[in-house]
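**Q** Chains as they are written, first to last, in this note's numbering: chain A, 1 to 324; chain B, 325 to 629; chain C, 630 to 1153.
Just so you know, not all the hints are guaranteed correct.
Claimed, not checked - Pairwise CB distance ranges, derived in the manner of DEER restraints:
{"no.": "1", "chain 1": "C", "residue 1": "Asp1085", "chain 2": "A", "residue 2": "Gly76", "range": "16 to 24 Å"}
{"no.": "2", "chain 1": "C", "residue 1": "Thr865", "chain 2": "A", "residue 2": "Pro178", "range": "33 to 41 Å"}
{"no.": "3", "chain 1": "B", "residue 1": "Tyr403", "chain 2": "A", "residue 2": "Gly68", "range": "36 to 44 Å"}
{"no.": "4", "chain 1": "C", "residue 1": "Glu1031", "chain 2": "B", "residue 2": "Val416", "range": "29 to 37 Å"}
{"no.": "5", "chain 1": "C", "residue 1": "Ala1068", "chain 2": "B", "residue 2": "Val416", "range": "55 to 63 Å"}
{"no.": "6", "chain 1": "B", "residue 1": "Lys558", "chain 2": "C", "residue 2": "Thr883", "range": "49 to 57 Å"}
{"no.": "7", "chain 1": "A", "residue 1": "Ala102", "chain 2": "C", "residue 2": "Pro954", "range": "53 to 61 Å"}
{"no.": "8", "chain 1": "B", "residue 1": "Thr394", "chain 2": "C", "residue 2": "Glu1121", "range": "44 to 52 Å"}
{"no.": "9", "chain 1": "B", "residue 1": "Glu383", "chain 2": "C", "residue 2": "Glu950", "range": "22 to 30 Å"}
{"no.": "10", "chain 1": "C", "residue 1": "Asp805", "chain 2": "B", "residue 2": "Val419", "range": "53 to 61 Å"}
{"no.": "11", "chain 1": "A", "residue 1": "Ala312", "chain 2": "C", "residue 2": "Glu1121", "range": "53 to 61 Å"}
{"no.": "12", "chain 1": "A", "residue 1": "Leu234", "chain 2": "B", "residue 2": "Arg398", "range": "45 to 53 Å"}
Just so you know, these hints were derived from the structure itself, not from any lab. From the three backbone atoms N, C-alpha and C, an ideal C-beta is built for every residue, glycine too.
Here is what each chain is made of, one letter per residue.
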Amino acid sequence: MTGDSRAVPKRRAAGAGAGKKRGLLYELKVNRVLFLMLIPAAVYFILNNYLPIFGMYLAFTRFNFADGIFRSPFIGLENFRFLWESGKLVKLTVNTVSYNLAFILIGNFMQIASAILLSRLGSKVFKKITQSVMFLPYFVSYVILNVIVYNLFNYDLGFFNGILQSLGQEPYDFYNTPGIWPVILVILYIWKQVGYGTVIYLATITGISPELYEAAEIDGANVFQQIRFITVPLLVPTFITLLLFSLGGIMKGQFDLFYQVIGNNGVLYDATDILDTFVYRSLKQDFDVGMSTAAGVYQSIFGFIVIMVSNALIKRNHPEQALF
Amino acid sequence: MTITHAKPAAAVKIRRTPSQLAFNLIAYTIILLLSIFCLFPLVMIVSGSFTENDTLLREGYRLIPSRFSTASYRELFKYPDSILRAYGTTIVCTVVGTALGLLIISMTGYVLQRKDFKYRNVFSFLIYFTTIFGGGMVPWYIMLSKYLHMNNTFAARVFPILMSSFLIILMRTFISSSCPVEIIESAKIDSAGDFRIFWNIVLPIIGPGLATVGLFLALSYWNEWYLTSLFITKRDMYSLQYYLYDLLNSAKFAQEMGIATGAEKLPSESIKMAMVVIVTGPMILLYPFVQKYFVTGIAIGSVKG
Amino acid sequence: MKKALCALLISILAVSSFAGCGGGTGGSDGGSSGGTETSGTVSADTSEKVHLVMWTSGTASRDHEKVAEELSKLAERDLNATLEWNRYPDIQKLNLLLTSGEKIDLIYTANYQNYAVYAAKGAFNPLDELIPAVSPALDEYVSDEMWDATRVEGSIYMVPCMWPEYVPYGFLWREDLRKKYDLPEIDLNDLSTVEAYLDCIMENEPGMKPLAEIVSSYGSLGSHFTTWEFLDYKYTWADFRVPYGLYIDYYDPTNVINWWETEDFAEDMRLFKSWADKGYWSKSSLANTEAKQDQFEAGTLAADLAFNSPSGYANLVARIEVSHPDWEVGWYPFYRAKQLATPNHATQNGMSIPISSDNPERAVMLLEKLTLDEEWYDLSQYGIEGEHYTRTEDGYYESVGEASASGFAREAGNLWCTRNTEFMLYPETTATILTDLNAEFDTYAHPNIWTGFSEDTEPYQTEKAALANVITQYLPAIQAGLVDDIDASIDEFLEKAEEAGFSKVREEYTNQWLAYVEEMGLAE
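Whole structure, please, built from the sequences with the hints as guidance.
**A** Here you go:
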């Protein structure tokens, strides 16, 4: 950084109001390469995200085709009414948040555990094969998954009821028992995502210096202690990153999972309805761009509050891991 | 500057202490169970794809086909041109998108973890912000189709998923955790340019990070069907997933509307299963190449300036 | 924008007055003669070459682009325009296309795809003056009643399909099995014949399910279990899709009844529960998505309570003749049971010109060609002659090669909106079935009074969204008989519906309907 300091006086003389020693112009000068390196990403986010973001205005208008997006009449919060007047908003919010928390916590636990175990297996062949196998479910779309789920759980010919019957038990009516579905949905989610998340943690573990373990071993630490005191703490930053990302989307559900697996089965809705499926059902018949945007705005604001709070909390304890 | 390619941590550790034995017992059991749990439905899928549809409807799914049949594969490859072209365009988009995305993502991640870059938090926030707030699909679609003219171009299949804030921040974490500040500092003292530091010093030591992010990018390109459904109307530009999705959809549409005419019939269950195999197959072949970065690993701790 | 449109209309009017009127509705015999005749009626200025974009529903067949290219050549020859023909696979895409203002000159619309809602919100160009000005032939081809039926808030926004189509549901069964077990003939006016058949299947055909009813999301409001469609056999309602549990009797349209609250409804639901308890359909039916038709053709399903449309039946018979020549299939259309047939409403199939179109007048000319010019018609509906189809000596449609493997099957373009009786070709196998059924329906046909009515959901959009949710959640289980106590479940359902604003929706809807009845003079 010292090498660039001679540029400062010049810039100061020419630049109007560049009084602050570390103003934007100074930064631009000193770190111009870094800024240049950010340009591709900046262009991407401006085009793909920031310009379209003005569409949020749609949430406050009664859209009509003749007037288009920005000239349709402004109607304030009218579009939000269907959310809170449904009388289900609280229930939906609770459902969505609980499912997501379960996905995040159980999911990350499973991923961390399997990453740690995988990283310390001796047999390379076994390690490779099992890791591949765990990654495969990621390729199965929820449409297909639903076919499998139906064939596992249906009353008459389902796989599990086949087992129950062969054991002389009464068949179990999964599809009319809402209480069992949160468990099934979480298992399905884990099934699909475990390999994906494991890869992230595995990559982090691979980056840990072997010297740390060697030193620990010399100090007499056994495997469990090494994991407890070396591996786990070094996974914390990655975990926090993943956690913060998931928290921002805490009101956005795994729409595909719920939509495909639960589908039109209203009997299960009390236990399985999340905001996204609710909005989809409400607006499927006559789609209203204003109302669907309103639902999106609600999700965004909810996520924003959650993320600001959690980021602040994390900043207090682990300043390095905060997102921003 | 030296980069030591060390043996994997685990391989060094194998020792026959009681705790290691206990650990092995637990680890092998759990991983084995987990693998079976992951594999089980897939076996049903593969078996289903090799069973005739009528048999599936009569007998349900089995772990081993009761009567082996390749009818659904023959059906899917009936018009090899179409499906091979879909494979082709998907491979090209995957390679181009992954390479380009990986470059930009790692570049951005590198800048965002530079402690001496004053605006790193501002930029991180701006990037993260897009995951929470968005204008919804309609304005985004207008942007891409009307202003960027992406309809019926491969750009529409590459650009929108070129990067994501998740992958950028993930990369930032990978870089900052595997690339000590001292390396960059000492390189700066040698008056290396910022880009050179990134290219010559940082990139080579973040193998696992690149492999992970690259894998995720490749997967999203490989599985892409949504962008095709929005922006592509030419059949020979369809992505593989959309091509298959389209096969399913064409008959379902007619059926749902209650106006099924002609000879349209829902593609059977076994064809759906065969589709999974067809899409997943090539990725299984690719995976080992990426995997070596996680299994062997390039240990980077012993890098000294 | 509006000013520009007015100016355009005036200029079109001026040009068209020179052209005289063409009565080219009857496409006479040969394709070429039809072409020359109708081209005389096309009258707007075509000196500037334009690019036209047309969208129809569904997904593109393998040879879709090939056919579209051929069609574009015709467009270049006849209209001095190039043509791009795209497909939208679902209603979400249609929505996106219209909402985003994509440049489109001609798009397929229909009442079941919210034609009236889009029209009312200003998505389409009004055609009242445009059509007579640009295409007197088209104006004349569509009857006045059909034009009127497409009006939304006084204006015409679609060119409707003039081909009368009956699409009733009906009970489908295996006649060969009925004969095998010597059961009474199926007659929907006597449900015991149906029950006897289903009971017999349960007892004697272990590999076979009697019924496989499922939840369908295709309804006018939320989802329903397919038993609901079956009820169409007994009620002479204006339409079984009248929403919000309202019952409008065809013969007494001013008397709107809250059907869900009647004993009739509870009675019907109890019947379904008794069927469910007998095991006619699976306890997991609400989650099932397996296609009924697949199972029927695989021989694992004995009957379908509500199988749709004569052409669906005709196609099924044609396929089964090949796959299971020893079978015999029976279909009892609900129209027959109640001796009331109502053909599709005008707005069931149509073409509209979105306001984003730069060339509305050329779009009209294109539509005229597609509908009234036999050369255009054959190409757009049946593909390339010799490659996709041939015309038999008796004037039947014949697919080249196996029909299911065709690169462009019959009517694969889903151009249902331009179907023209004059040019329509049937495959020989289905022709007799269709002709017989349509002739039968004609004997007790009445005009369709309900599907042309479109509600204005503006005053109760919020409530409707909430209600759609309640219906989807509670109604299918009741219709499937998969609840312990029908009456208690109906009460709970109605209570939840009430909380969602049921009364308001019903009241508004009823008022709008009564106003429509008044306006259309349907009361007597």
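**Q** Which numbered hints turn out to be false for this structure?
**A** 11
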